[in-house]
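For reference, the chains in residue letters:
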Amino acid sequence: MPDGLEGYKAWLAGAVPLMVAVTAFGSALALGRAVAAAMEATGRQPEAAIKILINMMAGCVLIEALTIYSMIVAFSLAGKI
Amino acid sequence: MAAAETHAAAHATAELPSLFEVVRHLAGSSAFTAWLVQWQHLWFTLAAMLVVMALMYTGTRRQALIPAGMQNGLEVVVDGFAQFVCSILGPQGRQHVPFIGTLFLYILIMNWLGLIPLMRSPTAGAVSSPVGLPIPLTTLPLAVCAVLYVHGASLQASGLKGYLYHFIGSPSHLILWLVSPLIVVIHALGEFSKVFSLSMRLFGNISGEDTLIAVIVKQCVALTNALHWPPVLPLHVPFLLLGLLTGLVQAFVFALLTTIYLALMLPHEESGEHRVAHAG
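In order, the protein sequences belong to chains A and B. Just remember that my numbering sits 140 ahead of the position in the first sequence, which is counted from 1. Just remember that my numbering sits 7 ahead of the position in the second sequence, which is counted from 1.
Rather than coming from a laboratory, the hints here were simulated on the basis of the structure. Note that beta-carbon positions come from the ideal geometry of N, C-alpha and C, so glycine has one too. Some hints here could point you the wrong way.
The calculated lysine to aspartate or glutamate pairs, modelled on DMTMM-like cross-linking and capped at a C-alpha distance of 20 Å, are [said to hold, decoys possible]:
(1) Lys191(A) - Asp86(B)
(2) Lys201(B) - Glu180(A)
(3) Lys220(A) - Glu22(B)
(4) Lys191(A) - Glu180(A)
Here are the computed distance ranges between Cβ atoms for each label pair [what the hints assert, rightly or not]:
(5) Lys220(A) - Leu234(B): 29 to 39 Å
(6) Ser179(B) - Leu145(A): 58 to 68 Å
(7) Leu145(A) - Ser94(B): 56 to 66 Å
(8) Val84(B) - Lys149(A): 43 to 53 Å
(9) Ser94(B) - Gly166(A): 46 to 56 Å
(10) Ser200(B) - Ala161(A): 21 to 31 Å
(11) Leu145(A) - Val29(B): 35 to 45 Å
(12) Gln185(A) - Leu167(B): 40 to 50 Å
Let's have the full structure, built from the sequences with the hints guiding it.
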């Protein structure tokens with residue numbers, strides 16, 4: 141187990157990439173569902189494709205923002221390693 | 008350049024040098040150049056404001072009834088945005104279109120400024136706080152402005168009593184009156200989280216995009232050095248196009264979220280369809 145005065149750096153070096161990876165994984169699942177729903181809606185009504193695209197973009201940006209928060213924390217913690 | 012590199016390495020994020028850093032490197036670091044570099048995000052904000060003003064000025068200089076050229080393009084943008092905002096807010100949204108449209112154009116120009124060589128996005132600038140999270144320099148004031156505008160518009164539209172009534176959750180039943188202190192706390196936390204999420208989303212996306220471009224440029228320089236070719240291959244151009252798209256989408260989402268917060272806080276009008284549904 142890493143311990144001592146600089147032991148936290150070993151924990152950080154392992155935990156920070158893991159944090160970003162888990163957040164990206166969850167976000168990828170959610171984005172896949174959102175885009176799949178948008179594709180299905182476009183298939184049902186191709187004339188509304190642009191409106192569906194705009195709504196899908198808005199939803200995707202909100203989901204992606206959660207991964208961005210985790211990336212910001214990763215950048216601020218990566219400076220402490 | 009070496010100082011910027013070590014500075015970037017210490018913060019573990021890469022950055023391409025901006026115009027003022029190049030000037031400081033060439034002219035030597037004096038008080039004037041240090042001051043220029045310290046406030047560089049402010050200078051780029053000024054540049055973005057001048058670009059927006061110049062765009063609007065050239066478009067409205069000779070207003071013809073049948074628009075052509077720049078006026079035509081500007082009318083497409085302004086009218087499209089007004090239609091979009093009014094589709095969310097209803098006909099009363101017409102008065103909020105100037106603020107939200109200016110927000111959109113301003114953030115769009117600032118995001119795209121970082122893609123020009125020797126320039127940097129003001130929205131990607133941040134100072135590190137003792138808490139650990141970076142404090143964005145431009146997006147946090149923008150988010151505060153947007154949320155304050157939403158609250159001000161709600162105050163103006165519903166009056167002080169209506170605004171406070173909405174803030175405690177619009178209680179119509181005794182139980183709702185009893186839980187209203189809790190709802191006040193939740194509402195206040197929600198407003199702070201709106202400010203935080205608006206600023207952090209814009210900052211994270213744009214600074215991440217700029218960092219990506221900087222890292223790719225570093226790889227290109229290393230690649231052409233390894234191959235002993237004198238010119239540097241511009242292999243980062245696809246990422247510049249991605250940065251264009253990200254800048255556009257993030258500016259649009261900022262304006263969209265401000266519009267949605269407005270729609271949530273403004274009084275809901277009883278439209279004709281409501282009355283028909285109640286009668287049926």
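Hints and how they fare:
1. Lys191(A) - Asp86(B): holds, 17 Å
2. Lys201(B) - Glu180(A): violated, 31 Å
3. Lys220(A) - Glu22(B): holds, 18 Å
4. Lys191(A) - Glu180(A): Answer holds: Lys191(A) to Glu180(A) is near 14 Å, not above 20 Å.
5. Lys220(A) - Leu234(B): 29 to 39 Å: holds, 36 Å
6. Ser179(B) - Leu145(A): 58 to 68 Å: holds, 60 Å
7. Leu145(A) - Ser94(B): 56 to 66 Å: For Leu145(A) and Ser94(B) the Cβ distance comes to about 59 Å; the hint holds.
8. Val84(B) - Lys149(A): 43 to 53 Å: holds, 50 Å
9. Ser94(B) - Gly166(A): 46 to 56 Å: violated, 32 Å
10. Ser200(B) - Ala161(A): 21 to 31 Å: holds, 25 Å
11. Leu145(A) - Val29(B): 35 to 45 Å: holds, 40 Å
12. Gln185(A) - Leu167(B): 40 to 50 Å: holds, 45 Å
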